[in-house]
Structures are given as C-alpha cells and as structure tokens.
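**Student:** The chain contents come next:
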Amino acid sequence: MSDINVLVVFYSRYGNAERIALAAGVGAIQARANIRLRRVADHADAKTIDATPAWRQNLDRMNRDYVAPRPADPQWADVVVLATPPESCAEIESYCVLLPSIGSMRGKIAAPLAARDEESVLKPIYASAACAGMIVIPAKLESGDPITGAREYGQRITEIARSLKKLSQV
Amino acid sequence: MLTLRKAGDRGHTDLGWLNSYHTFSFGGYHDPKHMGFRALRVLNDDRVAAGKGFGAHGHRDMEILSYVLDGGLAHKDSMGEQHVLGPNEVQAMSAGSGVIHSEFNASSTSATHFLQIWIVPAIEDLKPSYQQFGYPSSEKRGALRLIAGPDKSSHPPAAFINQDARMYAAVLGAGDSVDYTIRPGRYAWVQVATGAFDVNGVALKEGDGLAVSDETALRLRGANGEESELLLFDLA
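Residue numbers (this note's numbering), protein chains in the order written: chain Z, 3 to 172; chain U, 914 to 1149.
Treat each hint with caution, since some may be false.
[To be verified] Calculated cross-link-like contacts (lysine-lysine; reagent style DSBU-like; alpha-carbon spacing at most 35 Å):
(1) Z:K125 with Z:K167
(2) U:K965 with Z:K49
(3) U:K946 with U:K1065
(4) U:K989 with Z:K49
(5) U:K989 with U:K1053
(6) U:K1065 with U:K989
(7) U:K1040 with U:K946
(8) U:K919 with U:K1118
(9) U:K1053 with U:K1118
(10) U:K989 with U:K919
(11) U:K1118 with U:K989
(12) U:K1040 with U:K1118
(13) U:K965 with U:K1040
(14) Z:K142 with Z:K168
(15) Z:K167 with U:K946
(16) Z:K49 with Z:K125
(17) U:K946 with U:K965
(18) U:K1118 with U:K965
(19) U:K1040 with Z:K167
(20) Z:K125 with U:K919
(21) U:K989 with U:K1040
(22) Z:K168 with U:K1118
(23) U:K1040 with Z:K142
(24) U:K946 with Z:K168
(25) Z:K125 with Z:K168
(26) U:K989 with U:K946
(27) U:K1053 with U:K1065
(28) U:K946 with U:K1118
(29) Z:K167 with U:K989
(30) U:K989 with Z:K142
[Unchecked claim] Covered stretches of chain Z (chain U as the covering partner; in silico rule of three or more C-beta atoms under 8 Å from a C-beta of chain U):
(31) 20-28
(32) 79-90
Just so you know, these hints were derived from the structure itself, not from any lab. The structure displayed is predicted, hence computed values, not measured ones. Glycine included, each C-beta is placed from N, C-alpha and C at the ideal position.
Isolated chain Z, as found in the complex (with noise of 0.2 Å):
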C-alpha cells in the first residue's frame, strides 16, 4: 500500500472539470498513492438541469460513476483535489467551507484545480481551504495540454504530500 492518500474531488457538469480530476487522480497514482474519486452534488435543482438535456446526460452518466464525498474521505486523505469548472465555483468552495465542521484539515494540502487554468475562479477555494488550515499549493499548469498539466500537478502534488510526511516524521 502506498504511503499517501489522495482524495479527487470534482465538480462538473459538462466533462471538463471530470476529465482534470481524473488525470490529476492519475497523476497521483502515477506518483503511487492511493486514489478515491468523488463528485460533488449541484447546487441547482432537478429543473434547471433538465432544462439543459447536456448537463441532465452527463449528470445521470456521473452519477453511475462516481459517489459524492462521504465524511471519512477527508480524514483519510493527506491531499484533496478540489476541482472545478471555471463557470461555477460555488459547489467546491461550499464543500471547502464543509471540510472543518467533518474533522481537523489543518496540515492536509489541498490542491484547487480549474477546467481551464483561469486562478481568479480559484481564488474563493484557496481562501476557504487557508483557512480550514490547509495548505494550499496552487495549480500553476506547466503544460500547454490542460490534461497533460492536471496530471504532472497530481504527480508533484503526491510528491510533495511525501516530502512534508517525511519531515514531519523526523
């Protein structure tokens, strides 16, 4: 078993934001942790989603695919990805907001990750995660392709999650 746990959390209604959390996920399976995927639920109600047939398709699609984030999940992650599209925010900052009344995140990296790189989308995610007393480590995409990114970022992530074990174990 690997030495460090990564929990993927997403927020999608097209695909997007779901195709960076899971090369994120396997970036960080790539780098050996051990991975769990969860998705966040909309905010919106069953009619403003049924009134986009898109969003109702890949929802009931997800929704097959993935659980929502149960309250052991944080406690078992060393690092959380929080990803988002970059239309809305709203449904990751609220679980962001959530983690502290589910247990002690001080410590814990979070990881905010955006469909398309765009940092003032990121910007209320890092706020709430600094202050549930995570430690932020921004995304900063390296490569051009945003898949190709979110996957080295889920690497370096896991990466530094063992460096800080490390130190805090000396």
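For chain Z, the structure is supplied; the task is to place chain U on it using the hints.
**Tutor:** Just chain U now, with coordinates in the frame of chain Z:
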C-alpha cells in the same frame, strides 16, 4: 502436489448490488494464508446486480483480466476506452503506471456474472493499455483455449499480459477430458467457473480452486450432467 481451495472457504463480500467470492485476499477480506498463488494475485467471482457496478477507481502495476460468464460488462477508463464485454470475449487491462476505470453491468434488467483476475506484472511502470477480443465458443469446447499469455503473436489470438503466465479456458461435457502437460518448474491453478470437474482424481465443484505444484500433467474431466467451464493458469 494438489491443494484444494474449496468454494465455501473463500472470502465473501455482499454489498447488495455486489455478491463477490474471493479466492485470495481482497478488499476487506484478508487471510495471510491466501494472498495469491505465484503471480496470480486476485481471483474474484463477482455477481453484479442490474445497472450497478464499480465506480471510477484507480490501479497501477497490475494485469487485470475480466472473464464474463453471463451478462455484459460496460467498461470505461482514463485511456478513453469504452466497451461492452460479454461471454466468449476477454478484456485485459494493463494498469501499468496508472489508470482509472469503471466497470458496470451493461444490463438494466439482469445480473452479470464474471470472474475478475489480477496477475502481478513482471515489470512495473509500464504504459497502461487495454485489449478486448472475442473468440468462437467452439474453440474452448473440449479443448483448452489460450485466453491470455506473454506471447504478442499467438495463434489463435490471445490477450497479451506482461507476465510469464498463461490463462486457458475449457468447456467440457460429462466424461469429456483434456490433458495438459506442466513443464518442469511450472505451477498451475485450476478454477471451476461453472459445473464440476475431476482433476487428477480430485473432485471440484463450482467456485473451487486447485493449486498445482510439482506435477507433470493434468487430466481435466467434466463431471457434470451438463457442460462445465474452467480456467487453467500456467504460472512460473
């Protein structure tokens, strides 16, 4: 030496949507005496309820084979592969450096029964890959049909796996038999998928497994009124 692993002694997980029997330690079932056999690490006998399945999750460094006995399995992974697998097909996924996948019952009305097999690869950090191919069921009737092995160009075609291991399937009627020669230094595992067999005088029923060491040959004989199906693993 032949060592029987009785079906009733296997680990068991019942999640409502999943009824799974574990020949070797898996998930919440852990028995240090049953951690695998040679490179064969996992052999799960899974029944998945209609419309249900295994959500997205990750693996690395494992050769994962799915062998459907009844129903269909819908596969999707982070390599972009999306397929439905049925009986007389084999799915071989090499997790290599890392892959995320989901497996669901492709039917919304009936259960799926399949065997999930994990083989430890000889090399780590390989590029992930996915293979799926079908074969005529006649090729495994009364014969051992190679399903997966380490040869990239076997005839008839078989899935390539990154390990010195071969998986065969056979369907035999009552009294029908096939012989298999075990080369010196090799081991074998026999798993009864359906029905019943007699293997070198040992009676096996559905779900039973047989670890084979220091033997030179196997005689596999169908012992059921109807057809019986088994998997044979030839292992280093």
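**Student:** So which hints don't hold here, by number, going up?
**Tutor:** 12, 20, 22 and 32
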